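The listed protein sequences correspond, in order, to chains A and B.
For the record, in the first sequence the residue sitting at position 38 is 38 according to this note's numbering, with numbers rising by one throughout.
For the record, in the second sequence the residue sitting at position 271 is 652 according to this note's numbering, with numbers rising by one throughout.
Hints are not guaranteed to be accurate.
[Claimed, not checked] Now the stretches of chain B that chain A is said to cover, found in silico as 3 or more residues with beta-carbon under 8 Å:
no.: 1; region: 659-666
no.: 2; region: 673-684
no.: 3; region: 701-714
no.: 4; region: 732-738
no.: 5; region: 747-754
no.: 6; region: 759-765
[What the hints assert, rightly or not] Which chain A residues stay away from chain B? Per the calculated CB distances, all over 12 Å, these:
no.: 7; residue: Leu223
no.: 8; residue: Trp342
no.: 9; residue: Glu354
Quick caveat, the hints were computed from the structure, so don't treat them as lab data.
All of these numbers come straight from a predicted model, not from anything done at the bench.
For each residue, glycine too, the CB sits at the ideal point set by N, CA and C.
Here's the letter readout for the chains.
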Amino acid sequence: MNLALSDEQVFLREAARGTLSRFQTLEAARDALDGDENALPDMWPAAREAGWPGLLIDEAHGGAGLDAFDAMLVMGECGRVLAAIPLLGHLPATAILSDSPNAAEFLADLASGERRAAYLPSCPPDDVHERWSGDPEDGMRRAELPSAVPGDEAGRVRLNGKFAFVPDAPGADALVGVALLEGRPVGVAVLGDASGVEVEPVRRYDATRSLGHVSLNDAPGVLLDAPEESLAAAWHLAQALIAADSLGSVETALEMSVAYAKERHTFGRAIGSYQAVKHSLTEVLRQLENGRSLLYYAGWARRGAPAEFPLAASAARSVAGRALDYGARTMISVHGGIGATWEHDAPLYFRRSELSRRLLGGTALASDRVAGELMAQATAA
Amino acid sequence: MDLDDTPEQAAYRAQVRSWLDQHAGEAPVLQGPGALEDENEIIAARRVWQGKLAEGGLAGVTWPKEYGGQGLGPIEQVICGQEIARAKVPGILDAIGVGMLGPTIIAHGDDEQKARYLGPMLHGDEVWCQLFSEPAAGSDLAAVQTRARLQDDGSWRLTGQKVWTTNAQFASFGLLLARTDADVPKHKGLTMFIVPMDAPGVTVRGLRQISGEAEFNEVFFDDVALDAGAVVGGVGNGWGTALTTLMFERVTIGLGSEGLGYNSARFAAAIAGDPDGRRDPEVRRNLGEVTSELLAVRFTGYRTLSALQRGQIPGPEAGLAKITIVNGAIKAGDLIADVRGPDALADDSQWAYMISFLPGLKSAGGTEEILRNTVGERVLGLPPEPRLDKGIPFSELRAKEGAPA
Chain A
1 MNLALSDEQV FLREAARGTL SRFQTLEAAR DALDGDENAL PDMWPAAREA GWPGLLIDEA
61 HGGAGLDAFD AMLVMGECGR VLAAIPLLGH LPATAILSDS PNAAEFLADL ASGERRAAYL
121 PSCPPDDVHE RWSGDPEDGM RRAELPSAVP GDEAGRVRLN GKFAFVPDAP GADALVGVAL
181 LEGRPVGVAV LGDASGVEVE PVRRYDATRS LGHVSLNDAP GVLLDAPEES LAAAWHLAQA
241 LIAADSLGSV ETALEMSVAY AKERHTFGRA IGSYQAVKHS LTEVLRQLEN GRSLLYYAGW
301 ARRGAPAEFP LAASAARSVA GRALDYGART MISVHGGIGA TWEHDAPLYF RRSELSRRLL
361 GGTALASDRV AGELMAQATA A
Chain B
382 MDLDDTPEQA AYRAQVRSWL DQHAGEAPVL QGPGALEDEN EIIAARRVWQ GKLAEGGLAG
442 VTWPKEYGGQ GLGPIEQVIC GQEIARAKVP GILDAIGVGM LGPTIIAHGD DEQKARYLGP
502 MLHGDEVWCQ LFSEPAAGSD LAAVQTRARL QDDGSWRLTG QKVWTTNAQF ASFGLLLART
562 DADVPKHKGL TMFIVPMDAP GVTVRGLRQI SGEAEFNEVF FDDVALDAGA VVGGVGNGWG
622 TALTTLMFER VTIGLGSEGL GYNSARFAAA IAGDPDGRRD PEVRRNLGEV TSELLAVRFT
682 GYRTLSALQR GQIPGPEAGL AKITIVNGAI KAGDLIADVR GPDALADDSQ WAYMISFLPG
742 LKSAGGTEEI LRNTVGERVL GLPPEPRLDK GIPFSELRAK EGAPA
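Construct all of the structure, not just a fragment, from the sequences and the given hints.
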């Protein structure tokens, strides 16, 4: 048994922190909210330099051949500083393509970051919901996945339908997800600039998240031969990645809150000495540590126990989402009134929290899947 | 990063499993058909079984070999526990003695004490209890008032009361924290003693809890005579000795939490049995949130083990896992009662028992509030609460609290 980080993993994390420290990400996030369209730096070249686009692609195809946990370490660093790097979309897409023998030729460009992909959120069935579904454009009702019909050539399809709130879709070279071919889930990839593909950029509340509504109108796509388990695993991978990103933000929220609680005095003593403040901060730590433990679970399960990966990744998302909510709110309240002002960084974390918790099915759907997976196990036992 | 045994660990696991395969038939049956029912018979059978486990090397895994242990590490201890659970046989009866009090005596006891007490403790011939908490000293353990007074001949006289004492009703000995000097600050005037539970003046009374059952005891000491050799770790050093016990308590709780039965699979099974509850979105969301946290605790335990394996001592953050477990189980019990209705509260219901047990468990081993203080100060480095007891002789403190002189 060994759940400690390897030397390589420590190095990966430290290197990521170093790379990201070259950018003024928080200032950029605030300026972007203020309407400066050029505020967000293009961090993709730095990501390419660091080798992040190819984290999950094997070395034979130009990638780093690392696993989900390594990707989560990088995502955690991005979350710490609210970096706007399109890895949340790119990495699950490369996971599907890596499992698709007929997509092997595209991998080298995606690994180097020469081209960028975005994952079209496609949620697999569970013990209650028998159908695959997409994220709805509004409301609670899960959306239908787009339909695929055979195209002019073998291995090609024509796609019709919509994916809403697709992370990192604007500007992506390729879009990768699941469509229904005669009701059967199949992996599909379309080029971002193909005819019939329309990506409408949407921004909601948090300027650091690039999102797009993707409409497919008789769009030409490639039918991927990834097995259905891989298509489902991509959804769970996306859950684990956004969980890691969220927990990174919680780390910063906790560090800033603790520092302030030591330095700010009221009634003649540091506010961190009051139980009410201290207990809130230990609650943030408790949720953060629980989330970290589940990242280890998810990181191990993806290869070590694939049948448990849906449970592990969903549990990580469930805990991380709630930790982010609690951590971001605590950061504001510990700072008092100033924590709720535009100039402070706390609202930027709060905005990230509000939006992140609603993307990719939302935190609540992840909690629901945890219950479903465990009850299915209990019934089978 | 992996969860698999190393080759050495796998060999150890195989060795433990093989012993259990051969001897499981000799274990007392505590559940199901043919189960023992009489409390005294159960205790007697479990003592014999502990002796066999000790003979087989399955008790005192981390104890040094010279005291009858295996001289192995915490990982092997966990592997041994996993295999005992897998074999569906009871573990040792005296987990408090072997897990916490024995290691304290090994660390602080003299040669005579080690030679006299450790062997019978390990083999279950003499069961031990922990006499620390008092009605007015729990989280603030150094406030104990049980008083040991030195006699002219070097012996001691002990008077006072302890509470929340597990196994006291059949224990042979207790490890007791007493005040030996009230005129120095409270942490300084304490001494640890070994107390024979059959000594004249010791009275044990069952302490009934919410469930109506008495799983703990109160123990009264009325002018109990102790000889000079009863002191463990030196007069006035009781607090340091107690901290050793508490450190082993944290390790025991941290590594044994799943053994409490508050786990995600059990709670999910309870809801899954109700066809409507298992499809209800609100129930599912609540269940998912609670079970996610309980799953996390399992992996926090693995992280603790990894740290132990690297020679690090688990810190007070293990207390956070206890908070998660207790509060998670409370929420799960509430949810199960919501779904199953009043039948969940029937006299013979496992859920009624759990629901009754948890409010007390919230304060066991230190209240949730004191745990959060400790973690906030030691892990996050937050400034401590201002204290009004520092450097003040205990007798003055008591006077300020309005105690009779």
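Do the hints match the structure? See the list:
Coverage of the region 659-666 of chain B by chain A holds in this model, with 6 residues showing a Cβ closer than 8 Å to a Cβ of that chain against a need of three. Three residues within the 8 Å Cβ limit are the bar, and the region 673-684 of chain B against chain A gives 10, so the coverage statement holds. With 3 residues bearing a CB less than 8 Å from a CB of chain A, the region 701-714 of chain B meets the requirement of three and the coverage assertion stands. Remark: the region 732-738 of chain B is not confirmed as covered by chain A, as 0 of its residues place a Cβ nearer than 8 Å to a Cβ of that chain, below the required three.
Taking a C-beta to C-beta cut-off of 8 Å, the region 747-754 of chain B contributes 3 residues in contact with chain A, enough for the three needed, and the coverage statement holds. Using a Cβ-Cβ cut-off of 8 Å, 6 residues of the region 759-765 of chain B lie near chain A, which meets the minimum of three, so the contact claim holds. Distance check for Leu223/A against chain B: the nearest CB is about 34 Å away, which clears 12 Å, and the non-interface claim stands. In this structure Trp342/A is separated from chain B by more than 12 Å, as the shortest Cβ-Cβ distance comes to about 28 Å.
No beta-carbon of chain B is positioned within 12 Å of the beta-carbon of Glu354/A; the least distance is around 18 Å.
Checked against the numbered hints above, the structure breaks only hint 4 and satisfies the rest.
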